[in-house]
Amino acid sequence: MLKNLYDTDCVTWSPQGKLFQVDYAMEAVKLGSICLGLRSDENVVLCSLKRSQQDFATFQDKIFKVDSRLGMAMSGLTADARLLCKYLRNECLSHKYTYNSPHPVQRLVQKVSEKSQHKTQSYGKRPYGVGLLVAGYDQAGPHLYETCPDGNHYEYVAHSIGARSQSARTYLENNAHLFSGCALDTLLLHALKALKSAVQEEKEYFYSLYF
Amino acid sequence: MLKNLYDTDCVTWSPQGKLFQVDYAMEAVKLGSICLGLRSDENVVLCSLKRSQQDFATFQDKIFKVDSRLGMAMSGLTADARLLCKYLRNECLSHKYTYNSPHPVQRLVQKVSEKSQHKTQSYGKRPYGVGLLVAGYDQAGPHLYETCPDGNHYEYVAHSIGARSQSARTYLENNAHLFSGCALDTLLLHALKALKSAVQEEKEYFYSLYF
Amino acid sequence: MLKNLYDTDCVTWSPQGKLFQVDYAMEAVKLGSICLGLRSDENVVLCSLKRSQQDFATFQDKIFKVDSRLGMAMSGLTADARLLCKYLRNECLSHKYTYNSPHPVQRLVQKVSEKSQHKTQSYGKRPYGVGLLVAGYDQAGPHLYETCPDGNHYEYVAHSIGARSQSARTYLENNAHLFSGCALDTLLLHALKALKSAVQEEKEYFYSLYF
Amino acid sequence: MLKNLYDTDCVTWSPQGKLFQVDYAMEAVKLGSICLGLRSDENVVLCSLKRSQQDFATFQDKIFKVDSRLGMAMSGLTADARLLCKYLRNECLSHKYTYNSPHPVQRLVQKVSEKSQHKTQSYGKRPYGVGLLVAGYDQAGPHLYETCPDGNHYEYVAHSIGARSQSARTYLENNAHLFSGCALDTLLLHALKALKSAVQEEKEYFYSLYF
Amino acid sequence: MLKNLYDTDCVTWSPQGKLFQVDYAMEAVKLGSICLGLRSDENVVLCSLKRSQQDFATFQDKIFKVDSRLGMAMSGLTADARLLCKYLRNECLSHKYTYNSPHPVQRLVQKVSEKSQHKTQSYGKRPYGVGLLVAGYDQAGPHLYETCPDGNHYEYVAHSIGARSQSARTYLENNAHLFSGCALDTLLLHALKALKSAVQEEKEYFYSLYF
Amino acid sequence: MLKNLYDTDCVTWSPQGKLFQVDYAMEAVKLGSICLGLRSDENVVLCSLKRSQQDFATFQDKIFKVDSRLGMAMSGLTADARLLCKYLRNECLSHKYTYNSPHPVQRLVQKVSEKSQHKTQSYGKRPYGVGLLVAGYDQAGPHLYETCPDGNHYEYVAHSIGARSQSARTYLENNAHLFSGCALDTLLLHALKALKSAVQEEKEYFYSLYF
Amino acid sequence: MLKNLYDTDCVTWSPQGKLFQVDYAMEAVKLGSICLGLRSDENVVLCSLKRSQQDFATFQDKIFKVDSRLGMAMSGLTADARLLCKYLRNECLSHKYTYNSPHPVQRLVQKVSEKSQHKTQSYGKRPYGVGLLVAGYDQAGPHLYETCPDGNHYEYVAHSIGARSQSARTYLENNAHLFSGCALDTLLLHALKALKSAVQEEKEYFYSLYF
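Chains as they are written, first to last, in the working numbering: chain A, 886 to 1096; chain B, 886 to 1096; chain C, 886 to 1096; chain D, 886 to 1096; chain E, 886 to 1096; chain F, 886 to 1096; chain G, 886 to 1096.
Because the hints were derived from the structure by calculation, they are not lab data. Predicted model only: the values in this text are computed from it and were never measured. Every residue, glycine too, gets a C-beta built ideally from N, C-alpha and C. One or more hints might be untrue.
[As the list claims (entries may be wrong)] Cut-off 27 angstroms, straight-line C-alpha distance, at most; resulting in silico cross-link-like pairs (DSS-like, lysine-lysine): (1) F:K950 to G:K935; (2) F:K935 to G:K1010; (3) E:K935 to F:K996; (4) A:K950 to G:K996; (5) A:K1000 to G:K935; (6) C:K971 to D:K1010; (7) A:K1010 to G:K1010; (8) A:K935 to B:K903; (9) C:K1000 to D:K903; (10) A:K915 to A:K950; (11) B:K1010 to A:K1000; (12) D:K971 to E:K935; (13) G:K1000 to A:K971; (14) G:K1000 to F:K1010; (15) B:K903 to B:K950; (16) D:K1000 to C:K950; (17) F:K950 to E:K935; (18) F:K1010 to G:K996; (19) D:K1010 to E:K903; (20) C:K903 to B:K1000; (21) F:K971 to F:K996; (22) G:K1000 to F:K996; (23) G:K903 to A:K996; (24) C:K1000 to B:K971; (25) A:K915 to A:K935; (26) E:K935 to E:K903; (27) G:K981 to A:K903; (28) F:K971 to G:K1078; (29) B:K1081 to A:K1010; (30) F:K971 to G:K1000; (31) E:K1078 to D:K971; (32) F:K996 to E:K1010; (33) D:K971 to E:K1010; (34) F:K935 to E:K971; (35) E:K1010 to D:K1000; (36) D:K1010 to F:K950; (37) F:K971 to G:K935.
[What the hints assert, rightly or not] Reference excerpt, derived from the structure (chain A facing chain G, CB under 10 angstroms, subset only): (38) D894; (39) V896; (40) T983.
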């Protein structure tokens, strides 16, 4: 009950040194449908479920192409993801225009993190309710990053976020040692298998790939 | 009871990772009178009930013409819909003025979504209380989109929103396989039948069409 | 009791998708003294009660002349009505100055609606507490509009708002079929009869007319 | 008890369509000491009690001269009245400077009303706690207006506001038919008699006059 | 208990038409140490207690010289008084610079009142917690004014504010008839006697004079 | 319990005319470690405890040099003190740059007081949680001032603030009569003795001196 | 229970003179993983645990290089640390650009403290939830500073912050007398031993060094 005193505002610390609103925004990510990514030494693959509101609706995209060699998958609030995607696209474009070279992936992820951190320290704003898996390819090879509503980002060999992502993660962990030398189609196979381990009753998969 | 602690403000996350204010705004859409849309390969039709405050009042428009080949039907707060309609008209005009071509439908719908998302992340604002069915025709043929107060949009072959829209939706789902090759008048007939299935006691229909 | 959690702020949705503050502002209109309007094919008439604070006070105007061929009657907070009237006058003047033609009536009513809608979506403001009957004459002939605190407007053949307006409305509904071809003085007679049906004990009427 | 939910903020409507904060500000007027005004066809007179904090203090002015032919009496918060008086003086001066003619009385009263209305529609402000009797003389002859905290104004032949103003009002009502042709001194006599009827135990009167 | 609903904010009226926060600020004046002022036809004297925090501290000034012929004594929050004193000094200087004449005393007092009134009508500010006795000499002779946190000011022949000021006031009232023709030293004697009547146990007096 | 209604906000007066938040900020001063100052006719000495977080940490400064002949000791929040110290240094520098002379001590102290007062009258700010002892030397000789969170300042011959400062104050009071003619080293000795009387168990002293 | 009244806002003092929100932010530092630093006369070493979200994720940096001879380790919210790190890097760059010399370490630490203090005195912001160990080398040799959310900073010979940092601190205290003359590799050994004393079950260490 006492917890409730500290959890309606992202600028209020709890006595234990927690920001509950940020934790709750992390929960929103877990409510979204699953998406996952994995990379070999040469390729990186993003994969998400293709879901639709209704039978005769078109499918809702959960994977967005950001740049020619950069993409993101999302879990959580789609509207927030679109906003961040638009931000990423603008950053890429303005980088290309200024330096005539693709935006380094890590820098881009850092910019999303800074934007997210800002939302956790201002009254009257709310943390983003979306987690991203950002996959890209630059001079250092393929990358797979996760960004969180709390402003953190992590680099992964393989990762999965969203509802029921634990079983996909288990699959990925068990097979992570196999990925590094994989060809693209084997990598895709792993992605689909991991996705399938999380959702047995659904019938359709969607994948999108970057390398 | 605990729910109430998180649901008066659209910048407060619930512990489960929900934004209740956004959900409540979605309810406002369900309270509005029904409207529906469906499309064939060549045509797209919007259809809504013609209702009046009183017997001798003129009818209140629920369908707005946005551009020569673009229209929208609404369910929820009419005043919010007018505001969004005005915004759409301005965007179309400024696009026409700048590029001398009609505004692509999807881009326009994205702009409404961005505007809606913004209202869900700022203290002292409220999410829009209106859902739109946007119908338009561009180089890619006819389109039917739905926009929601939470900043999402979906593309449909046929869709219905507002009070008692479920029965119309059932009719549309059952007949969705017939629409693609329909001529315009058959499509209109389907629209009126779907509308009728939702409202039996009302006596007057209103339809408007775009192709 | 739960209702009270959502009704002190016009940017808070109730779980049922209602904005209670807007509904309450609609109640303020019902507390004002009655006014009504009706139109034939050629004329439009506004009519309100002449009331005074005290016996030896001058009468308080409830009908305002906006432009040479445009007027409004009000029910609710007089101070809010004056503010809107001033706004309408300014719009008319600036339109006349810019285009050298009278402001189209519907456009003017839409501007009031937009202004009203804006007050329902910003924290720290309140919806206007006044309903207007706007009567005007332009190229399309005479018009009678109602504007509401929630940002809606409706066109009517005949309408009445304010306290005990129901009985006037009943009279108007019963006789609505007679109005279209009426001469101005017959129309005035109908207006006075409708007003009388609502207030039997009051002794004085005030009318004002536009055509 | 429920009333208390809606009465601490002037931008919150009660479910009955009332703004309680505005009503409470009206109460502040009734707590002030009495002042009254009356007019004949040629003259207008303001009259208020001369009261002092202590025996050896100078008397506190409740009547302010605004312009050469314009004055105001007040009831309620003196500090608010001073502020409004200063505003009126500035308006008169700037009108005189711009048009080289005295400010029409009604327009001036309208400006006070607009200023008062504004305070009833913004969060973080409070309605003025003062009622004014504005007496002035312009081309249309003498005028007597009352302005209220809610942004309304009324024109009167004779009126009285403040604590125990009812008995003065009774006197004025009973004798209102005599005022129109009165000479200035008879008018003053009526004013003093009306004031006396309200306060029997006080010993000193103050009057100020304009014509 | 109900009172508490209206008394934490200076922009909230109580149902009785009171601003409690302003009243509470008036209480702060009564908590300050006593100061008093009195004037004859030629002179005006301010007098306050010399108190110190500790034995070996210097005495804290409660009387401030504002201009060559203008001073003020204070009761309440010293920090607020300093702020107002600084404001008065600036006003005097700028007046002298602009008009090459001393600032009229009453105008100066009015400016303090306006500044105080402003603090009673804005959310997020608080009324000043200090009462001033302003003594000055201009073309109209000596003046003694009191300014209050509520934005009022009064002129006095003799007045006393602060803790236990009632007994000093009793002395001053009883002897007020003697002051008008007094020489300066007799006036000082009266001031000291009045002060002494309020504080018997204190041993040191401080006086400051203006004429 | 009722007290709690008025003590979370520095712009809310209690019914007794108190600003509790300011009082609470005064408490923060009492929680800081002790510092003291004393002056003779020629010298002024500041003295504070040298404390460290841990055994192998460097000592935290509680005495700051502001200008060549000006220093301050603090008790309370160190971070607030640093901020004020930086402000003082800037003021001294800009005074020196403008007038080519050291900043008069009292004026400087007044500036701190004004800054502190400002924090007690604005919503959304908090009073500083630090008390300063400002020691300086100017044309009028050595000075020792105390500034408080409430915006007051006092001049002292000798003073001590912070936790357990009462016993140091007792020592200083008992020996205050000896200070005026003291040489600097005797003065230092008194300072150390006073400090020792307050803290018996601590083993290290720190002193800093100005003259 | 009463405590809760004062601890949701960093601009509210508790009656004991505490700012609880600042204390709670200090708790956030204790929740972070451990990091430590120590210095000899010639070298300074920072050391933190290498932890990863998952087995196949890359390690998350807790030590950031700021400048060629300046680095920082962090404990608490990583996102806040990144923000401060970026700030430090910018300050260093702009100093280098302006003065063509490295930024003095202490000045840099002071700037972080000022930034932190600012967050403790403004409504609608929150104190940073991160503690930093800043290690650097300038003309005065190697330095090790700690900055806290409350705006304080301390210089240390050796220090450790974060979860279970007490045992590391014990090791450092016991061996602090050995550090001053240490060679770099002995210093590193001490750092690793101290780290190991805090975490026995973890298997991997990460260190980074500056001199």
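Fill in: Hint check, failures only
1, 2, 4, 12, 13, 15, 17, 23, 26, 27, 28, 29, 31, 34, 36, 37, 40
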